[in-house]
Amino acid sequence: MRVPLSWLREYVDLPAGETGRDVAERLVRAGLEVETVEQLGGDLKGPLVVGEVLSIEELTGFKKPIRHCFVNVGDANGTGEPQEIVCGATNFAVGDKVVVVLPGAVLPGPFPISARQTYGQTSAGMICSARELGMGDDHDGIIVLPPEFEPGTDAIELLQLVDEVLDIAVTPDRGYCLSLRGVAREAAAAYGLPLADPALLDVPPANSFGYLVKVADPAGCDRFVARTVVGVDPTAKSPIWLQRRLQKAGIRPISLTVDITNYVMLEVGQPLHAYDKQRVEGPITVRRAEQGETLTTLDGVKRTLSAEDLLICDNSGPIGLAGVMGGASTEILDPAAGPGTTEVIIEAAHFDAVAIARAAKRHKLPSEASKRFERGVDPEAARAAAQRAVDLLVLIAGGTAEAGVTDIAAPHPVRTITIAADLPDRVAGTAYGRETVTRRLQEIGCSVAGADILEVTPPTWRPDLTDPYDLAEEVIRLEGYDNVPARMPNVPPGKGLTEAQRTHRRIGVALAGAGYVEVNNYPFLGESAFEALGLEPEDRRRRTVKLVNPLNDEEPALRTTLLPGLLGALRRNVGRGNTDLAIYETGTVFLPKDELTVAPRPAVDHRPSNEELAELDAALPDQPRRVAVALAGERLPSGWWGQGAQAFWADAVEAARTVARAAGVELTVRQGQQAPWHPGRCAELLVAGTDRVVGHAGELHPRVVKALGLPARTSAMEVDIDLLTADGAEKVNGPAVSGFPVATQDVALIVDAAVPAADVEAALRSGAGELLEAIRLFDVFTGEQVGEGRKSLAYALRFRAADRTLTAEEATAAREAAVAEAVARTGAVLRGA
Amino acid sequence: MSAPNKSYDPVEVEALKPEVVEQARDEAVAAFAAASTLDELKQAKVAHTGDRSALSLANREIGALPPHAKAAAGKLIGQARGAVNQALAKRQVELEAERDARVLVEEAVDVTLPYDRAPRGARHPLTTLAERIEDTFVAMGYQVAEGPEVEAEWLNFDALNLGPDHPARSMQDTFFVQAPDGSADSGVVLRTQTSPVQARTLLDREPPVYVVCPGRVYRTDELDATHTPVFRQVEGLAVDEGITFADLKGTIEVLVEKLIGGGLELRWRPSYFPFTEPSAEIDLQCFVCRGESVGNPDRPCRTCSSEGWIELGGCGVVNPRVLVACGVDPNRYSGFAFGLGLERILMNRHNVADMRDMVEGDVRFTLPFGMEI
Ligand SMILES: [Zn+2]
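These protein sequence lines map, in sequence, to chains R and E. Residues in the first sequence are numbered from 1 upward in steps of one, following my numbering. Residues in the second sequence are numbered from 834 upward in steps of one, following my numbering.
Mixed in with the good hints, there may be bad ones.
To be verified - Below, a list of computed lysine to aspartate or glutamate pairs in the DMTMM-like style, where the Cα atoms sit at most 25 Å apart:
| id | chain 1 | residue 1 | chain 2 | residue 2 |
| --- | --- | --- | --- | --- |
| 1 | R | K361 | E | D998 |
| 2 | E | K1091 | R | D482 |
| 3 | R | K495 | E | E1090 |
| 4 | R | K546 | E | E1090 |
Said to hold, decoys possible - Label pairs and their in silico Cβ distance ranges:
| id | chain 1 | residue 1 | chain 2 | residue 2 | range |
| --- | --- | --- | --- | --- | --- |
| 5 | E | L1097 | R | R487 | 39 to 47 Å |
| 6 | R | G61 | E | D1006 | 53 to 61 Å |
| 7 | E | I1093 | R | A431 | 29 to 37 Å |
| 8 | R | E595 | E | D1037 | 56 to 64 Å |
| 9 | E | D1057 | R | A757 | 46 to 54 Å |
| 10 | E | E1125 | R | S306 | 53 to 61 Å |
| 11 | E | P1133 | R | R131 | 38 to 46 Å |
| 12 | E | I1093 | R | G192 | 33 to 41 Å |
| 13 | R | G42 | E | L1097 | 25 to 33 Å |
| 14 | R | K64 | E | D1006 | 39 to 47 Å |
| 15 | E | R953 | R | F111 | 47 to 55 Å |
The set of hints was computed from the structure by calculation and includes no laboratory data. Where is the CB? At the ideal position from N, CA and C, for every residue including glycine.
Based on the sequences and whatever the hints tell you, model everything.
Below you can see the structure in the form of structure tokens.
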């Protein structure tokens, strides 16, 4: 809602020195969100005057029409001589009154004006357009004023070019502030000044000879006021003050009748509609639409109506979508295109907020009218608003108000709210006292009765006030939030973070400590992501949760794996010259349940049953938390210290182990096959001692690397943290640290290349028995010496006893037992034996 | 060697004459002092303390002396040898120190050489910022609650006093999830706020409830310098007997002081949220210009756009209707709730000019933030 300060002052006698910013500050503290205070004409400086065009010479030979004019500006130029001006616009004629800016003036921009030579002529000033004066930018043509103004008259004052406009974002509960009347009421309360209510008008009582209206749906329309004005001069123009107020409020002037309805809407908040009476056939009826009915609205769009739509109809059928937009067939006619409208029906009605909200949404027609009805309009303002429009039509368009007054009102029960006088005290945590509470409620228009228990009747323009807490809020806000004291609640001792939360933090810290940088990607993706990853058609990851209204139609689904986003971030980084990369992401993926259901919408006046809550959860996808890493380039840089190392599959596997260690879980690794990984370089990751696969790691498939434009040998890992930690961390028992000496023995075994090192190690461990303290693979060798298709694995075994120094014989025996087990399980051959 | 001779006078043995012994001693001490390397010292040691040295030879003569003479001769030789050994040890220490100093000089390196062998990692500042806020509340006794990002509409809207036709519901540009039949009537959305976690908490436990709910939320905004469709919030909820607006103010003041620092004014603006009543927007005095940029074109402030205030978030006293929908008795309990946008706090607290930097995952943005914020 744009509120010109000059207009606001008409209803509240604000102190003369108050600036727009001062007023804004007060309104903000009372709860109106003043987004900006616009300074109109702030840098404007005259002379800017009315001129009369005396002569026009069309200059030729230029690319566009150029006019060389002489303009009478009275004595404003100091000489009284006609002012010589070159002008590029053509929408004026000799004798027209125009707005002239003289040399020495400054137009908004700032744009200083001086006399100059142009198109071979002298131009001592400019004939101005609305845009140049900062009045609005809806057209480029210059302003032609009504003829009654004298040349030389100051146009800054005439056109009210200097003003301040408060732009207020009105919250849904304050529909009444979508009007000058409402904002003025808040300003009056904020300054403690009286309000001159523009809706306080003398209105003749309803009678039986008004325009015939039938309301068939009183629930949808509980008030319908109709007035008629005849003998309207269709050529009458909106006066400058009216146009200027509309422009400042952000509404484009169109024609007098329409401008008046808009003006009154801005003033009192009641949306009005004007019909050409001669185009309305018979009585007006308010009813719901029949399925399949159509209506061509003012914007020229033919709309198919839904049975829920509330309509204004005449004998011909629908002539308006109630509270949203009028119909084309009864529109006020423009005199430029034939005989204009001379008889007008003014509609001031009150419609059901929900019906209007739904219709506006359904037809995607958010209008100034619907915006107000949705948020609640004062039903008691309808008569005054209609009267105001009638008065203006009479005053400006020379019309005659007909005596008939139609006013159909469904009976309204009086809304009374019972509130304990100390409720505001209890909500705020301070003591206002009953007198303050009563006074504040009266200030916003409530009538208040009672003592400790108050009976409060809210004003008709505050449909948002429905329960005691609404009233408490009003008192607290008007008393000022700044005046509420601050204190701390008595919080009982807390339990700290949960194990899962601590684990999630540790995982992040561990990866960052291992040199990974965290990224956060959007979870949106499309089919192409799965194609790039090379997922099989039946791959479960292709089953996604889809959005009705995605930001990007190419990415309508939610991720089922972190990899597409993460690899995208990797590529983006590479593209920006960050070549050595190790990045990670943690976050949820979205996995549709096997059985898809719709979430219920239980009532809100009590707690839903546990069954209903279970149904809510059943309709949601599974949303496990994952962690993923991606690496490319050098993992360890080369430098003056020597050779570094390229990131490769083993780094990705190690990242999984880093995660598992942070979670206190031991991982088993085995050879895997899973897109998008390289079929020979993919590790399947399991929780040790279980069959539970928690993720994969390794080098990406070369086809994936190519499809995604990634660096060669890009490696990645993805692990499901929820699966990984499902059993909780293993409790560690403090080891008995032996003080006896260690006995180290090396062993090299030759096995088939296909035998996993993990199996060999497991066999050695098992065979070596409890004397084995540690085992470490220190070399892997392939080549002629070990034979085709074979590999040599060299291990260092450390033996130690808890209670004695081992003899060489004991250590050797343990090693031989280890080797024997490896031979038995994996077909290993002892190298050099 | 001669046999013991009881009448033998020590003075008559040449090698045991005091002047001879003293000379041998002095020669040894001089030789050690003259040694300039550990090798030379070693040679001097052999020459002057070895088996063939003058003092060793003299020592051997003592055995042949008559018993009454042995003591005096032994004392004479012993003193000389003591002095020699002392000089040797002293020189040994000196020369070793010289050698060590030389070696250490030779081993010197340029310690300013750059070393980035171990790759550096970092956590995203939004993650660590959320943790910092969580920790502030955990220290007060709150718990951290989390919930699903794909959420039931009932929990995201209805339970929070946002009925199907509530005007505020269209204010939030919601991503709707497709129903099994492809329509929008799934009853499921991407949560537009973390408030459904608050509702879940109330449905789950009996008051007193003190929780903070961090998480990602979604609105259908296009990504630009100041908007992102996926962003992070931390919301807080306290429901207990006798909770008031005053408790909310005190709690937020503590948070601001921990998060940003003390001495800054807070402005509490009445506002509207369906789930709280009264509702407020909290503005923090701009900590860069402290309001001095307002109406002062010569001192524009980028942080607050010369408004003097920075929007911190929304809050209020929990609407009793929310308590009712979540099964909490509003006659016994009351509560407060607040919500903070982390991106905005990060932008202000760390002078981040463009929100896109937070979402694009450029490691150059994240690395400087390290492990903590
Ligand atoms: Zn500032």
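Tested hints:
no., hint, in the structure
1, R/K361 / E/D998, "holds, 10 Å"
2, E/K1091 / R/D482, "holds, 21 Å"
3, R/K495 / E/E1090, "holds, 24 Å"
4, R/K546 / E/E1090, "violated, 42 Å"
5, E/L1097 / R/R487: 39 to 47 Å, "violated, 19 Å"
6, R/G61 / E/D1006: 53 to 61 Å, "holds, 55 Å"
7, E/I1093 / R/A431: 29 to 37 Å, "holds, 31 Å"
8, R/E595 / E/D1037: 56 to 64 Å, "violated, 24 Å"
9, E/D1057 / R/A757: 46 to 54 Å, "holds, 52 Å"
10, E/E1125 / R/S306: 53 to 61 Å, "holds, 56 Å"
11, E/P1133 / R/R131: 38 to 46 Å, "violated, 27 Å"
12, E/I1093 / R/G192: 33 to 41 Å, "holds, 35 Å"
13, R/G42 / E/L1097: 25 to 33 Å, "holds, 31 Å"
14, R/K64 / E/D1006: 39 to 47 Å, "holds, 44 Å"
15, E/R953 / R/F111: 47 to 55 Å, "holds, 54 Å"
Going down the numbered hints, you'll see the structure goes against 4, 5, 8 and 11, while the others check out.
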